[in-house]
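Asks: Listed below are the residues making up each chain.
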Amino acid sequence: MSKTDQGNFFEDFEVGQVIRHATPRTVTSGDQALYTALYGSRFAVQSSDAFAKGLGYAHAPIDDLLTFHIVFGKTVPDISLNAVANLGYAGGRFLAPVFPGDTLSTVSEVIGKKENSNGKTGVVYVRSTGYTDKGTEVLDYVRWVMVNKRVASNPAPEPVVPDLPAALDPQSLGMAVPLLDSAKWDNDLSGSQYRFGDYEIGEKIDHVDGMTVEEAEHQMATRLYQNTAKVHFNKHTEATSRFGHRLIYGGHVISIARALSFNGLANAFHIAAINGGRHVAPLGAGDTVYAWSEVLDKAEIDGRTDVGALRLRLVATRDRPCHDFPGRNPDGAYVDNVILDFDYWALMPK
Amino acid sequence: MSKTDQGNFFEDFEVGQVIRHATPRTVTSGDQALYTALYGSRFAVQSSDAFAKGLGYAHAPIDDLLTFHIVFGKTVPDISLNAVANLGYAGGRFLAPVFPGDTLSTVSEVIGKKENSNGKTGVVYVRSTGYTDKGTEVLDYVRWVMVNKRVASNPAPEPVVPDLPAALDPQSLGMAVPLLDSAKWDNDLSGSQYRFGDYEIGEKIDHVDGMTVEEAEHQMATRLYQNTAKVHFNKHTEATSRFGHRLIYGGHVISIARALSFNGLANAFHIAAINGGRHVAPLGAGDTVYAWSEVLDKAEIDGRTDVGALRLRLVATRDRPCHDFPGRNPDGAYVDNVILDFDYWALMPK
Amino acid sequence: MSKTDQGNFFEDFEVGQVIRHATPRTVTSGDQALYTALYGSRFAVQSSDAFAKGLGYAHAPIDDLLTFHIVFGKTVPDISLNAVANLGYAGGRFLAPVFPGDTLSTVSEVIGKKENSNGKTGVVYVRSTGYTDKGTEVLDYVRWVMVNKRVASNPAPEPVVPDLPAALDPQSLGMAVPLLDSAKWDNDLSGSQYRFGDYEIGEKIDHVDGMTVEEAEHQMATRLYQNTAKVHFNKHTEATSRFGHRLIYGGHVISIARALSFNGLANAFHIAAINGGRHVAPLGAGDTVYAWSEVLDKAEIDGRTDVGALRLRLVATRDRPCHDFPGRNPDGAYVDNVILDFDYWALMPK
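Chains as they are written, first to last, in this note's numbering: chain G, 29 to 378; chain Z, 29 to 378; chain S, 29 to 378.
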């Protein structure tokens, strides 16, 4: 009996099953420094203790997506080691700020599973929740992955598909942000004069800059998150895969696009919720990521005069500038070179 | 009206204009760890809390050039996003030590501008000052950059060229170094028996070792400094530039050469001033940096018996060992493969 | 007289000589974050303050091999700058936990030297000891290296070869681990249900996963350790070496293999001793490391009911999966593509 973990197959998941994941992880200022080095993120709240404290934070929180990646990474050995594809995200909520010194761990519940018609694979739906060592819930989200069956002839289970929201209710947003003294928000230091009131639904923003990804960068990022998915790390096997090279962790693309979005959305300092996300195509090392955003919606949050919420669509491409906002064709198919379509709520000072 | 920042052009700068730059940045031990990983710096004062405290520091300060790069990086979106070339530095003074936990921000004043005879570009002179969140000035320096005009037919402004010192007065040096108990300076731990008295004006030192730079390294460094200059990051566009590849941030070269200079200058623990600097030619990934130094001058500092100042010329090359101290030819042109000519004051224990 | 350090040659070492190495180094959470990013290590004790404190540690200690690499790195400029090969390790003991904030320095004693029959090189044996700034000994180990003679015609010294143990006595192990409250050891969080009692002598474990190494990764790692050996960093000279490329620091391979061994040995949380190690063949960038382990021995430690010791052989390969446990052929020669054969004692909760 091998002591090596081979990961779970479709048959191994049961709806209602709860999995406590290894390994708990204390987040430090070292992680945040690496996050800055990997993406060049410049949002002032996460970059500066002084800026964050001036607004009402205890300290600068770590980047929201760093929290996401660490919480996510823990689920990989149990959920997606044998995954064929990471199909989507929904219902992600950032519930409390995370500070250096907090220890994060993750628990997942299987909330759905459905065999595919080919009989060889199936889709597993999981709600994962990240906690601090004090028991504070900092993030939860649903993702669904296509997983191989162990034995194709095993019978299909009764399908269970969870009901997932298209978008989070804006009234549920902002729990990770203290009431801010927005008079202290300094547009010069934050990098933009544009606040909540300056954005309009339907507005599109080209983030202009391109960022090329190197193998060492995405490998270091993905290991920092203790994400063990094999396709990211093994040139020896991936050279003979259908892509012919290592695939970059999809979350790495989200973080690059988010960092690029600073140019045009510098005051969108906090990701409050992930409504949905789709990795349209894979990214490989040597490719250059571009991004653009569209304002899908705007909302006031009851009881908060300090911040408002922008629902943003963040689209990333590979080796294709975004001045013409490439997305879907009229037939619904994505334009070539689109790699990410990500829908989230961001908070912005008023 | 786009919310994307396209950077400033020559016409956008006015002499006397003051720019408060985004993004404030709290420096941490994580940044210093990355600095060590990127350059392999070994100066004992910055590497060891115990060594620094023994001499009279509160803690180990961060590397002087890490301070420089962070203060510099903030100026890029406003000053040099459309720069054709970073032409030079002068009058740089390190005024206070920076410790993990300090938040740095930068303010620049435009102190000169002069259109070039081609009518398409001009030179802008800027004095940039780095501050901590307590208002302590930690660094100021002048740089001048060649910037594109927005419209070539716009009339040339009245030229204003600031008067810049060839070198800092040694009596102004050392403000970032407390009075040291130099009896506690341990030559074994610092890595060299050679102190201030052992160096002679005119002496040349080959630093022997070579360091090859990878794309992932310079990109991580430059993002760590939140420097957004496009030429460092975008393979997709730079592949068709006149160089055919991404260009490495010039400050990355200075830091590599400074780290190599440990071998021969291990006790030159502090950069007190930058007299001048010129990036003679660009560096690309895969190139190997070598360096040598020349002692240009020596000076006592009034009231200080602990340290003296060496004025050093640090020259770096690309794929060319420096045993014969390559610099300028008799006609004044640089020898092939010289990439950096940097003039600074270093402090050394007596 | 050059101030540049050219390193020591065989003739420069004397048995009994004690060398205090530069540069002292304060270890921080930034170093640990980089270690995680470089190797993806997932052992819970080193990853989580909360997990470590629950067991009886003051905080999460840094990874044992991070301590090893930092202590080792300091010896390179004095011991192995002119080394032809790092031949082996023995008698390594981890004596105290190292926490962020501790400053490490290293002292070495030359304990043997023996000229090779070719008259051009010799073997130097060194015992190196790492200390904190409080004087606590955290690690000692012996290594022996082949070093060039300065002048081949110099007479051979009287050979002195130290008597080295084949393995550490298990009763000497565990000093770096406080008495643990092993009832608090949580198998879900640590990543495995298998504890000390579940492993049998002779058992072999394939760690399955492969990890490809990039130039930027091993260079950043090796600089983080302030290890200055030239072969790791200089493409310009190494391109014409007999290997044709930069060689990866052997300790980088040990750390990769150790991180891979989590899959099968997740509860082997501490390296208590290094019995021996041999770098069978070099690794270059672009190669993929695989690993497997064999349980060589098991031991109780007197007075400790919390943990037991497993003596493990950790074998790493290059571009070769390890499902058939490649090691030595019947004639004693290593199977092709084996690069590391490492023998250590690990502690595991009972």
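No lab work stands behind these hints, which were simulated from the structure alone. Ideal placement from N, C-alpha and C gives every residue a C-beta, glycine not left out. Accuracy of the hints is not assured; some may be wrong.
Claimed, not checked - For lysine-lysine, the following DSSO-like pairs were computed, each having C-alpha atoms within a straight-line distance of at most 27 Å:
1) G:Lys212 with G:Lys81
2) S:Lys258 with S:Lys31
3) S:Lys31 with Z:Lys232
4) Z:Lys212 with S:Lys162
5) G:Lys31 with S:Lys258
6) Z:Lys232 with S:Lys258
7) S:Lys263 with G:Lys31
8) G:Lys81 with G:Lys378
9) S:Lys212 with G:Lys31
10) S:Lys162 with G:Lys263
11) S:Lys326 with Z:Lys81
12) S:Lys378 with G:Lys31
13) G:Lys81 with Z:Lys212
14) Z:Lys326 with G:Lys232
15) S:Lys232 with S:Lys378
16) Z:Lys212 with S:Lys31
17) Z:Lys31 with G:Lys232
18) S:Lys212 with S:Lys326
19) S:Lys81 with G:Lys162
20) G:Lys232 with Z:Lys258
21) Z:Lys326 with S:Lys31
22) Z:Lys212 with Z:Lys81
23) Z:Lys263 with Z:Lys177
24) G:Lys263 with S:Lys232
25) Z:Lys378 with S:Lys31
26) S:Lys263 with Z:Lys232
27) G:Lys162 with G:Lys81
28) G:Lys212 with Z:Lys177
29) S:Lys212 with G:Lys162
30) G:Lys263 with G:Lys148
31) Z:Lys31 with G:Lys326
Claimed, not checked - Which bits of chain S does chain G cover? Going by a derived footprint, with three or more residues having C-beta under 8 Å, they are:
32) 73-87
33) 113-123
Claimed, not checked - Facing chain S, a subset of chain G residues (Cβ under 7 Å, in silico):
34) Thr32
35) Arg48
36) Gly58
37) Leu62
38) Leu109
39) Glu137
40) Asp161
Asks: Report the numbers of all earlier hints that the structure fails to satisfy, in ascending order.
Replies: 5, 7, 10, 11, 13, 14, 28, 33, 38 and 39
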